[in-house]
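Please build the complex by placing chains B and C on the supplied structure of chain A, with the hints as guidance.
Protein chains in written order, with numbering that gives the first Met the number 0: chain A, 0 to 287; chain B, 0 to 409; chain C, 0 to 335.
Read the hints as simulated data drawn from the structure, not as lab findings. It is possible that part of the hints are untrue.
Said to hold, decoys possible - Chain C is faced by these chain A residues, among others (derived, beta-carbon under 10 Å):
| # | residue |
| --- | --- |
| 1 | Ser56 |
| 2 | Gly58 |
| 3 | Leu83 |
| 4 | Pro86 |
| 5 | Ala91 |
| 6 | His93 |
| 7 | Phe96 |
| 8 | Leu111 |
| 9 | Pro219 |
| 10 | Leu223 |
| 11 | Ile230 |
| 12 | Leu234 |
| 13 | Met262 |
| 14 | Met265 |
| 15 | Gly269 |
| 16 | Leu277 |
As the list claims (entries may be wrong) - Chain B is nowhere near these chain C residues, computed Cβ spacing over 12 Å in every case:
| # | residue |
| --- | --- |
| 17 | Leu27 |
| 18 | Thr277 |
| 19 | Ala322 |
Quick reminder that beta carbons are idealized off the backbone N, C-alpha and C, glycines included.
The chain contents come next:
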Amino acid sequence: MSSLILNVVVQGGLTGLVYGLMALGLSVIFGVVRVVNFAHGELVVLAMYAAFELWRSFGLDPLVGTLPVAVVFFGLGYLLQTTLINPFIGRAEHEQFILLVGLGMVIVNGLLMIFRPDARPINLAYGFDSYEVGPLLIYKVNLLAGAAAVVVAAALFVFFRWTATGTAIRACADNLTGAAVVGLNVRRLYALTFGIGLACVGAAGALMVTIVEVRPALAPSFTLLAFIIVIIGGLGSMGGALLGGVLIGVSEALAGFFFEPSMKSMFSFGLLILVLVLRPQGLLGRRA
Amino acid sequence: MLKTAAHPHRRQVLAGTAAAVLAVPAIVRAQASALKIAVLLPRSGYLAPSGQSCHRGALIAPQVLAQFGHRVELIHIDTESSVDVARNQTERAINEGARCVVGAFDSAATLAMAQVCEQRQVPLVVNIAGAPQLTEQGLKFLVRNFPTGGQLVVNGLKLIKDVLAATKLASKTAVFIHANDTFGTAQRAGMDRIFPGAGMPFSLVDSIAYDPTAQDLSVEVTKIKARNPDIVLVVTRAGDAIKLVRDMVRQRFEPQAIMSPGSPGLYDEEFYQALGPLADYHLCSLPWADPTAQMSQALEAAFKPAHPNFRFVVDSFNAGFTFEALLVAADAFKRAGAADGAPLMQAVRETNLKDHVMIGPPIRFDEKGQNPGIPSACVQNRNRTPVVVLPPEVATMAAVLPQPPWQGRG
Amino acid sequence: MSALWHDMPLRGRVLAGALLAALAAAPLVADRYLLSVLILIFYFAYLGQAWNLMMGLAGQLSLGHALYVGLGGYVAAMLWVHLGIGPWLALVPAMAAGALAGGVIAWLGFRFSIEGVYFALLTIAFAEFTRIAFEHIGAAGGAGGFFIPYQAERLGEWWNLRGGQWLFYYVAFALATGAVALTAWLKRSRLGYHWQAVRENQQAARALGIDILAVKMKAAVISSAMTAVGGVFYAFYYDSLFPAQVFNISRSIELMLAPIVGGLGTIFGPVFGAFILTPLGEGLSAALEQLGVNAPGAKAVFYGLTLMLIIFVRPDGVWPALARACGLAPARGDDA
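Chain A with its partners taken away, still in its complex shape (with noise of 0.2 Å):
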């Protein structure tokens, strides 16, 4: 019996870290911008789409594939932060959330005329691999997946930690006036942030490619998730929104274990209940 739920905390463990790594764009961008985004499980899979493509097209290994992805999605993010986003700093959430909303729909619906309804396979080499470590069963894809959004995060930290740019945008999330009045280009600096966070979601993608069958429908639990993950672990935390996604994919997978599985998401919005009525900056989070 222990060794079970053993295996079950480590499984929800790994597949959290995934989760955690998704998570972590929407934190980002909320710390810094202020921007709340609502298509955020749209632009998760249509990362996932892409990296599926580079599979279908070149034989890439997602896993190799979150590069390139994150790269485009750098990218994208500037674009989208620098053209229809930036009007929208400062205004009312409501109207972000209209603004999102609609692009949120326009992508969703556009990979689903592209690509069809069905779910879209990738068929990686070792995607039946488990390794057995005394009672514990891995699965090969969620290791690696999880050690490559673990190096990712790191990646991110190292950035915003010693890099000048890393320091002014974090310079930004904590005193924007000050910031602007040492003469920080915020501009600048918050379409940088809404392209790594964009990055952050790409990559994200494609190591969820690895572990999840993409498919349109796919993207609103995306958004519920990521959100759920960056409330409990601290909007604007990075090492919080890896650490809530690990809990969450922890408590999930214990609570769907004891009682009947269909019921675990409940468990996972009643935590954010507490935790939004207990503690809002989350575990790792500062109050605002």
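Coordinates of chains B and C only, in the frame set by chain A:
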């Protein structure tokens, strides 16, 4: 017909006009010999995979029906998996001259459409819809040529018993896992009610409901593995079956058989693509296109050129039932001789179609509008293709069980 | 309400009167499809007005309003099927259920200072939690759905909402006009001014002695109770309830579109928005069909683009600018 003259006199013109006016009813009748049917399917939204599969059958239906002497004109409408759209579009379609409606896969939308059809006295022939309540409402203008959840389970369990006997497989235990959606819940209710008295050789040790929006089913498979059943009974949606089987492989769990008492998932194209040889030997019990029936063969022949990227055998369930609904409408129209609501509906209710697509006795409807006699066939994946293994009259291969080990396949 | 009438310029009164008369007489001349679309417009106008009270007037963003639609619908449907209690009577428990849920959420938001986007996420969480809960409640049909029996022999019972299209048309019409009247009355009432004060500057409002908790609670409770009534209508119009559909976040989003596009915080904005968006959807479907475009999803792409365009060009909504341009804005400078 008008007499042509070099310089028509006024009297001739008048006579000609009168003849033309008198001829109009004949023209109208001749044109009206094609029945206009509105086909409402969820081609976008969360039900899109199934809706588009049905749509592929609807697209080729007119030409195949023509081969058998029926003329239909179809209006294709996307319900967008939404009740609101389904209701409004049904009204619009009837305005545009639809004299019969076929649809809609989603039970909520179907019920909304049924109310419109009831009020406007237009027959609704349900191609696919799971909720048993649809034919319990006393609706006079609705018939359903699709089994209820209970019927599916009864037939499915019987076939499972038969296939176990045919392969001489001694199974002791089974676990039932189903999606917690409309279809899965209907099956579960059927299972809970029918299994105890069905005289199955194995006992059901657990029933698990999973969240259909979940991305990851590893915990569910861990639970199944913990029970170590001989047979796993599944009721899944399209993509979920892939996750279930893949996790079983990765968790090194090998049941004797994975069977579905009647649901999609185990015979979808993406299932075959994702799993390759690991997709083989799983069984489904559900209504299926009769490979020996003339109409099925005609349907398959028309399917290939129209949809070169899809295999008929994979779409045969959805396309077959959609075609049959249109066939019922067209056949009733022929017998009624008119497209008016009440006589057409009467003709629909009196349907007795011996030649149709799905395996089974002639299509007939009971007093509730339900077709009570749709049997299931047992279909097994062999070489990434679903083949009929039971009943023997329509089988093309013999069933093979237990399934071979995951390792070393293909 | 009479204040609204007096403030309206003459052409506004004429227009409003003519429109009301036309809509009231519509079933006599319009075909069933048009009536069906109008019912949907009234329904979304009604829900939009209810949502508008909480967001437009009191400034609280709720992204989970489908929760109240579902609660109202299920309460009324279950009372009808299990106990034979008609929908008019069931309105009371339905509204109570909605009000209770709305009140709890609002209280939590206030007590724990959950504001803005966090509050919005709280509402989403409650809606999703309830959705999954209802998928497991057997007495409510679970995921298999809850059905109100058709019962052809009871079709004349308008008090039980059993009837044809005309019945539902007039009920929806009454709901929509009632909601407009209620919004107009509330907006110019003491409570309405308190709401707007809290929306604009909560600190200043508190300094003036306004009881913030009471004001926010009233907004949430009135809004959610109103929305629950919409749920009762929905249940008896469609005769079926499925948790995955009724509590779905897409439904919450759907009912927000009309008030935001029409004009948040205005009296006629949600109605106007509903009159734009629903026909837009129908029109797009029809246009695509005419052009022979057989691509599922195309309509939604255009719909999404239109939403983005509208919010870019008219972020305050279409109605305020239009009202000013047509000289329909009331004399007092207060927005309509």
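Interface hint compliance - Pro86 (chain A) to chain C, C-beta minimum distance less than 10 Å: OK, holds: Pro86 (chain A) within 10 Å of chain C, min 7 Å.
Beyond 12 Å from every chain B Cβ - status for Thr277 (chain C): At about 9 Å from chain B, Thr277 (chain C) fails to clear the 12 Å cut-off, so the statement is violated.
Hinted contact Ala91 (chain A) with chain C - closest CB pair below 10 Å: holds, 8 Å
Chain C contact restraint for His93 (chain A) - C-beta distance below 10 Å: holds, 6 Å
Beyond 12 Å from every chain B Cβ - status for Leu27 (chain C): holds, 17 Å
Restraint satisfaction for Ile230 (chain A) [CB to CB of chain C, less than 10 Å]: holds, 6 Å
Minimum beta-carbon distance criterion (10 Å), Gly58 (chain A) to chain C: Check failed: Cβ of Gly58 (chain A) comes no nearer than 28 Å to chain C, outside 10 Å.
Given hint Leu83 (chain A) near chain C, where the shortest CB pair must fall under 10 Å: Leu83 (chain A) check passes; min Cβ-Cβ to chain C is 8 Å, inside 10 Å.
When the least beta-carbon distance from Met265 (chain A) to chain C is tested against 10 Å, hint result: holds, 4 Å
Interface hint for Ser56 (chain A), Cβ within 10 Å of any Cβ on chain C: violated, 22 Å
Leu277 (chain A) as an interface hint toward chain C, with CB separation required under 10 Å: holds, 7 Å
Restraint outcome when Leu223 (chain A) is required to lie within 10 Å of chain C by C-beta distance: holds, 7 Å
Going down the numbered hints, you'll see the structure goes against 1, 2 and 18, while the others check out.
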